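> Chain residues, written in single-letter form:
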Amino acid sequence: MSGLRTRVATRVAASVLIVFAAAGVFAPQLAPFPRDLIRLENSGRAPSALHPFGTDMLGRDVLSRILHGGRVSLVMATVATLVAVAIGTLLGSLAGYFGGRVDTAISALVDTALSLPLFFLVLLLGQRWGASVGSLCVVVGLASWMPVARLVRQTTSSLRQRAFVDAARGLGFGTARVLARHVLPSTAAPILVASALGAAQAVLMESALGFLGFGLQPPIPSWGGMLREAQSHLHDAPWLAIFPGSCIFLLVLALHALADAGQGAFDPRARGERHVGG
Amino acid sequence: MARWRTGFPRLGALSLCLLLAGCARPESPPDHAAPGGTPQRGGTLVLGTAEEPELLDSILMLSKGGQLINNVLFSRFVVYDDSLRLVPDLLTEIPTLANGGIAADELTYSYHLRRDARWHDGVPLTSADVEFTYRVIMHPDAGAESQQGWSVIDSVATPDPHTVVFRLKEPYASFVSDTFSDEDVLPRHLLQDHLGAGFRNAPFHRAPVGSGPFRFQEWVAGSHLTVTRFDAYHGGPPALDAITFKFVPEASTVVAQLQSGDLHGFDQIESSQAAVVERIAAMQLHRTPSLAFEHVDFNCRHPLLSDARVRRALAHATDRAAIAQHVYEGAEPARADQRPGSPWYSTVADTALRFDPARGRALLAAAGWHDRDGDGIVERRGKPLRFELCTTAGRPARERAVAVLQQQWRAIGADVTVKLHNPAVLFGSQESGGILRRGAFSAVLFGWGQTPDPAGMQVIYGSAFAPPNGQNMGRFTHARLDTLVARGAQVADPIRRVPLYREVENILLSEVPSLPLVWLIEIDAMTARLRGFRPNPQSGDTWNAHAWWLAPAL
Amino acid sequence: MLRYAIRRLLLAVPLTIAITMLCFAIVRLAPGGPLAGADPRVRAADRDRLERVLGLDRPLVTQYVRWLAGVARGDLGRSFTTGQPVSAMITERLPATLELMGAALLVSLVVGIGLGIAAARWPGSWLDRALAVATLAGNSVPIFWLGVLAILIFASAWGWFPAGGRATLGTEFSWGDRWRHLVLPVTVLVMAQVPLWSRHVRASLIERLQDEHLRAARARGMSERRIWMRHALPAALVPLVTLLGLQIPMLFTGAVITETVFAWPGLGRLFHDGMSRFDYPRVLGILAVAAVLTIAGNLAADLACARLDPRLRERSAT
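Respectively, the protein sequence lines represent chains A, B and C.
Take the first sequence: its letter number 230 is residue 230 in our numbering, and every next letter is one higher.
If you count the second sequence from 1, you need to add 278 to reach our numbering.
If you count the third sequence from 1, you need to add 832 to reach our numbering.
Hints listed in this document are in silico derivations from the structure and should not be mistaken for laboratory results.
Among these hints, one or two may not hold up.
[Unchecked claim] The calculated SDA-like cross-link candidates involving lysine to any residue, where the alpha carbons are at most 25 Å apart (straight line), are: (1) B/K697 to A/S43; (2) B/K697 to A/V133; (3) B/K697 to A/F33; (4) B/K697 to B/S707; (5) B/K447 to B/P481.
[Claimed, not checked] Listed next, with one range per pair, are the computed distances between beta-carbon atoms: (6) C/A1049 to A/A176: 15 to 23 Å; (7) C/I849 to B/S429: 16 to 24 Å; (8) C/G956 to B/E496: 55 to 63 Å; (9) B/R557 to C/V1070: 51 to 59 Å; (10) B/A559 to C/A857: 49 to 57 Å; (11) A/A188 to C/V1070: 27 to 35 Å; (12) A/P47 to B/A485: 47 to 55 Å; (13) C/G956 to A/P34: 44 to 52 Å; (14) B/S584 to A/P47: 42 to 50 Å; (15) C/V1070 to A/Q29: 49 to 57 Å; (16) B/V498 to C/L834: 25 to 33 Å; (17) B/S429 to C/Y896: 33 to 41 Å; (18) B/A644 to A/Q29: 36 to 44 Å; (19) B/S538 to C/L938: 44 to 52 Å.
Since we're looking at a predicted model, the values are computed, not measured.
For every residue, glycine included, the Cβ atom is placed at its ideal position computed from N, Cα and C.
Only chain A is shown next, with the shape it has when bound in the complex (with noise of 0.2 Å):
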């Protein structure tokens, strides 16, 4: 892939991103509608003028509550990946930078986190704890930290062995200080990245869990449970379909994008990636 087309897909996927991100932030503004409100004379209409993504089986604008599903699932996607993220950096750095036991026990949690049947878990939890916003996100987060922890660890052990690290400790700084201002910025990049890949997962896997049934419930409207609603009528309204489908699908490409982009520091083995589900 040549460099400009680089320059120019990545270009292409922040601007997707910043005009999600900024219709969710700007939902209640920009929805044509009030994203609960009824009208059952006017249930099932197909796209028009006044309605250009059509109304859903309650008469409600299907645009209006797609933005605000929209800003739950930003909302999902951020929380979820700073948890996933909180945890793994803090976990990964400590046992990149001490090594030795620490970096034993920590390797284990991580090994013990990836052996279990993820996706079932999910499910599982999403049943249980999945109905608000907040422990979904938690959920989540819970099963995505592990990549970012390994990549943290990698980073970090290789960074202590520097010579500016060395610096830091002989000059007597505390660990904390150390790793906060000497070895965390370092990793930054490839956390941004693995934030952006956690970001996607964790929007497909709430929307997959909306889609079973075992995620958010209404009426918080998320894209997976339009989905889900959208099912039972795709031969007299597949809008109801096509559009939330085409925006995850939209939002999660352009995360991944952007993770590409930044993608060419390392190895794809690192990542740890995993599949949701399947």
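For chain A, the structure is supplied; the task is to place chains B and C on it using the hints.
Showing chains B and C alone in chain A's frame:
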């Protein structure tokens, strides 16, 4: 005894088609039983069903999906036909006071079994099997789903192989319609060794030997179950060679399979797919009103909802017709908890709770609720009319319904928040924190299947029957109603019962402990080649499968 | 090597136990059970009796210990809803899942490796770029959406393929019929899995081809073809083994989403049904099997990796 069932629109609603004299007929193509040719032998019918059953006999915990299959494999004493008349299956005649089947003291019931009933392995079906099945139901460890009603039996006697006599401890008005109308008779000779703690695990329940028109052939879990003709059936050998029940949980694949001919029929077509299915040339759609009934129950002890005027006001604010049409997509609005045309229906219900928001507002005002600060919510003594409406998660129709109700009740000034619960949490036992049983709700939307006989109203509305004694979840109390339902449950003579229950209805319409919403309509798709098909939401569409036959393809 | 293997094995056992405990806790702490959701009007007396019959009234720890003891014997308990032994239910559904996932794995391996090789052979070409785009898309598309669209277009609208299930009922077994039923679900799965393989093969090959050692060989005049066949390819494909080890568990645990969308009678759907019905023994049984397989798969992958790269044995597992 007849068990109440939840009204799951997609998951096997057990519902009732109530067609007594004067009631509208269901929308159905011309009667197939009439001349359309002479019955032809042969053919295999492939029926789709959404939920795969877990066990095949109805005494143990049966998931709703098994009813279709259960009907063709087993026999019962009585069955409700598609006009909601009780017809005998294993019996020679229905016991009544007139023919002596019911003794004058209304405590002794004598049943006469057909002599030609046989099990699929050839052994004759006798009263010993009936007595054995009774023991199974009453056994503490066998795991029967419900012993409700059976405990009224004092003793069972079998004076000869074809007579069973039940002696009751006290009068029980609906005994005939409830006894062995839902429960199958089980073969003693095959199961008596299993009676005990391991009864549920007996392989019989997944490969049964019954006495119905079809016998079990094979069950490929996750895929399909096949039954074949039983020539020695007491109702005459069925015309069809075999029926295959195919398990199709995904709505989107059902339509495709109906189009391709992989399926000949499906019993729970969603309203949204009806239009598409109707266009399939080989298929016919049958729309049958059922007794699956969705309603909102109020907690009558809730400080804001204990005033009947508030509950009535909310009823007037509810546009049931719109909900029936758009939310439940083709259900029938319910005006009371009995269907019009039922002898128990009171015509007061025609207008008692009509959609009239102005009247609702007036009622609230009369009860002291006014909107003083102009925010659209009414207050009384400084407190706003704010409460929570909850329902089960995972049911799209209910999720939509609560959203609509929220908006409709807002229009008269009630501020309602919506909450969805895991059904296990909602319906669980008191110890495990079940919300309904603990009374930890304000208003709840859910459904169940009405029974043809109203004797059960006692445990739903009687003040002594709050959980754990009964199902009066809303803790409704009304002295006159208590008297009426107690008497109604004991008197067997229908002429004396009707006025009692009409008065009960009037009380319910005035006090509104429960707000009726809709009667669900069952939509079935069936190949036009099938003759003799008469949809029956109460007993299951396969209730008369022995009379079905396939006309040749054109 | 042996010590490493033993060390990992010893770690695996408590790991498995810990996982089963975790699963058990999550499943059993969930509210309600097979009894609660069924009928809101079940009487309290009936419910209590059924709880006793099903063994649900004993303390949690007792239930766990009994279950674990059973598992050690190979007895995964009986389903609350069917009464069938869970192990029998799993073995009944396993072939269907193996068929689906095996076919998908095979096809995606072949296609993925092929595309990866092609992309590495002609880096920067239109093929390579197209593959990169397809990889991106394949990773990003939600599988359930793809499945639903596939049914909508190819089954309902055009009628090319059946809309679900594993075989047409009432007909004799025929390969043609079975293959027709496999096409849509396998295609959907393949689209999700190919990117995994092709990307690794491509990256790995490109890395190998830059190798000093190969440059020296080229300088000595070795043909490109020989370089590929004897050096680059084998070295690049070997790491796939570790990936494969990680994918093996998926062969069995199946694709819950795909099986649900296509009404495929496999293990994934069995799990989904079990969850909806709160059938604890079934859910736990499948979780346990999945956990064991995942651990075994990880172990095999790690061991293979360690065998191939001695350096890894020194560091703790990564």
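> Which numbered hints are broken by the structure, listed smallest first?
Checked against the structure, the hints that fail are numbers 5, 6, 7, 16 and 19, while the rest are satisfied.
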